[in-house]
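Q: Each chain, written out:
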Amino acid sequence: MKNTKCLATSAIISAGIVLGAASSKATDLDGLSIHGSLSATASETDNNVSYLGDTDGRLNLNLVDIILNSSHRFENGLRIGAQVYAYQLGNFKDLTLDFANADYSFSPQFGVRVGRNKLPHGLYNDSQDLDAIRTFASLPYSFYPRTLRAIDAAFDGLSFYGSASLSLAGSLDYQLFAGAKETLSDGTLPLLRGISSSLMQFNRWTFGDGVEGAAIFWNPPVDGLKLGYSVQRLPRTKLSGVLGTTATLNGDNLALAGLVDAMLGKGAWDDSGVFAGTSASVSGVDILFRTISAEYTTGKWVIAAEYKLLDELHGTTTVPALARLGQPTSSPYSNHLEYYYGMASYQVNDKVGLGYYYAYNTDVRNDASRSGNPSNYSKDHCPVISYNLTKWCVVKAEYHFMQGYTPLGLSGDPMPSNPGDGKWHSLVLKTTISF
Amino acid sequence: MKHFITVFLASVVLAVTARAADYQLIANADAGSATVSKEDVKNVLLGNKVKWDNGTVVKLAVLGGGPAHDKVISDFTARTSDQFDKYWKKQVFTGKGVMPEVMADDAAMVAYVAKNPGAFGYVSAGAKTDGVKPLAVQ
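So the sequences go chain by chain: A and B. Counting along the first sequence from 1, when you hit position 190 you're at 190 in the numbering used here, and nothing is skipped either side. Counting along the second sequence from 1, when you hit position 67 you're at 67 in the numbering used here, and nothing is skipped either side.
It should be emphasised that the hints constitute simulated quantities derived from the structure, not laboratory data. It is possible that part of the hints are untrue.
A partial selection of chain A residues facing chain B, derived with a Cβ cut-off under 8 Å [said to hold, decoys possible]:
| # | residue |
| --- | --- |
| 1 | 35 |
| 2 | 67 |
| 3 | 79 |
| 4 | 81 |
| 5 | 117 |
| 6 | 126 |
| 7 | 133 |
| 8 | 163 |
| 9 | 224 |
| 10 | 295 |
| 11 | 297 |
| 12 | 347 |
| 13 | 349 |
Everything numeric in this text was worked out from a predicted model, so none of it was measured. For every residue, glycine included, the Cβ atom is placed at its ideal position computed from N, Cα and C.
Chain B on its own, in the form it takes in the complex (with noise of 0.2 Å):
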């Protein structure tokens, strides 16, 4: 029983961390701070915060798809991806943003954000982040 238990609780802890492992966050090296809070990763996403607390300005990349690409827009904008992808032409076309930079995997996006200064993104967990820095959500 007592071993029921044990294989019981250990699945449901694996269960929950990969729920939250879906994707890891990252940002240039020069990064601030490691974390980042829900209300500013939304506010990136949706162009609405241009600049990081030092004043280096924010360069968004988002990957083309995927799972990854799915749950970060749905985790932190309440969209689909064909929502979001939709709210960034508007915001271009009426004038109010750049449009992201569009990432065509992983690596693609790690090699992206390691050079440039400022640099947002997000990969698939398990995904190689060396150069970057990865960012946990307060």
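Same shape as in the complex, but just chain A (with noise of 0.2 Å):
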């Protein structure tokens, strides 16, 4: 937890709950165009589940974020904004500076971006936070996980864009785009305790190269439908972390301590400092993210699939440790996981909307033998029910009837200890204020 930003943190709730209630339009300071979002969402879930946050059998308020934003567009073209955003989940909260860039369009077919961009990838990964602008309370849990967006949310470099005219083919926009991304470094963060095994704790996760990728976007001549690409590459991540103690090991990795112990002494694994807290990593990694993506909006329709293609590369695990007992400290990994969801929404009227969306995810693409595996899929049936309270607020109701554990491996909540059918099922109360 940062409690050195949760001052920080609680002035910008308090300013986003004063300027959302006061009024519905966004504030104009002498050209300087401000707006803002306030969301707060409670679960439940069930069968010994908790997922992002402590909602097992309890309606838990586990989300809170908070959105701010200001733009401001000059007589010569150049565009600036900045926006930060605020969050609470589960026991986490953060704030951070979503983007800041200056921005100039040469033309519809040209323009350019600098500063720290949304990170442009399929659908919605770059307005996965803008919960006015959808009716579902949440993206597909493991197509659009929550707690990915430490690492892809935004970028700090440089975006070309624009959007060109095919003629009768109908029209193109693009966006290309190169950069650096953060460091991770708080151990805490949901992402990093999800991504950690029982084995190695990680606490820090660097982008050597930074990002690099593009996403294109074919809108044909029929009303209504979009049809995309998208590809995203960090070359040479690290993840770097510490071997874990007995308390924290399952399994195979406790009965690899266990086997310590009986061959250098009792305690040897947790206190000779040979092994648990000694460095581990995941270095040289080549992470590719590829996605293909379809949209069409009709009337008060909207439809949509994705299908996507997570690629883990050219990695090395290190665990110096092992040499003590003369194995390999290295060894080759990689990992290949597939996502896919379709989604239909329709908007019955002014004040209700209406959707459902199925999602898949497995992390075995090609391994039939241990796809059977709760813990290696994800199935999500998601009915919702939204309603706008005003035009600034709207209240949501979703449930999820889920199959598989993958979407924990990314949130930080345990998997549970007897997989069982790996049914469970989550139930999602949101409201949002926008301005």
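Two chains, two frames, some hints: make the complex.
A: Structural data, given as structure tokens:
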């Protein structure tokens, strides 16, 4: 928990509540346009599963977030803007600079943004925090995991963008980008806790060569249809941490610690200084996201589907402590994950919206022998209803019929000790004020 | 029979004219041209075009609602008014644009466009457009 930022976080939230309650319109101060939103989410889960907080068997206010932004366009066309994002997720709080950029559009076909920019990927990555623009309270858990925004919300660098007419073939919207990624160095961050295993407790994630990628969307000559391809590459990433103690180990890892104690004396694993607390890393990993997207908007309907591949390649796992056991200290690392979902939403009238999505994810794309384990996949059936109390305040209720536990692998919540059939449920209630 | 045909044709013409005159596009009096392409109107409404050909920054103003607003958004951006509103929220909250000015009614729209160089907007057909330049779509 970042205690040093609590005061700033509280001040931001207070200001947001005042501004949100006072007016439904953005605030304009001498040409400086100010907008914001405040969301509060309560969730309840079952079957010994907690997700994004202490939600097992109790309705818990597990996510509060506030966004404040400001922008201005000068008479020469240059636009500057900045946005802060403050949130509390379970027991973790943070205040981040979401974007701060300068933007110059030379023409509809070509523009440049410099600074901290939102990271475009797929249909909704850059707008995942914007509850006011969609029917659903949550995007698909596995496809757009809440905690992954720690690395995929923004980057520091350069974007080229534009919209080009293709005459009878419609138009093309593109964004090309490259830049640096901020190091994650807080071991309490839900994402780092989530990707830690019982053996390796990660507390740092560096992105040696930053990030580069593209998001290209074709708008064919069919009103409301858009088709896209997004790619994002993060070369030479490194996860660093330490070996866990017997208090954190389980399964095969606990058996390994037991073997060490049997060989080198009781307490050798925890107390010798050779094992628990010594370094462990996964380095040189090239991370590649590739997504194909389709969205069709017609009348009051929005229908969308996406398919994503995540490859982690060329990595090396290094555990120096293994040398004491006469074992190699390094071994190759790679991983392959597959995701897809389909969703539909319908705005019944000015007040009521309905929606449904089905999402699937597996982290063992080609390993049939492991794919039946609910720890390695997830299925998510999710109906939702939204209601606009006013033009600037919306409430939503959605219910997730879940099977499989892969969302927990990124949330920092513990996997159930007895996976069983992997079924669990999640009720989500959310309210958002935006201006 | 001839009288019937004349009345019928006149009705058709009036209907077409009325359909095309549901709204009137307007720009600041300093706008260079009195015509604008449909593609340019779309790009202005979606924030893709931020400067006019003479280099003046586009100042987009939209109505808060109503039949003229709904028709303009539908005709040029193929969106409903709700989808248009969400589009601009996404632009603003992802660091890609500045929210258009929202005008309460035709009179406020005309006053804003008249006062601001580079301003572009629209009003209901038949609204007074003193001090602004009506635009025709090519």
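Q: Kindly indicate which numbered hints from before are broken by the structure, ordering the numbers from low to high.
A: 10 and 13
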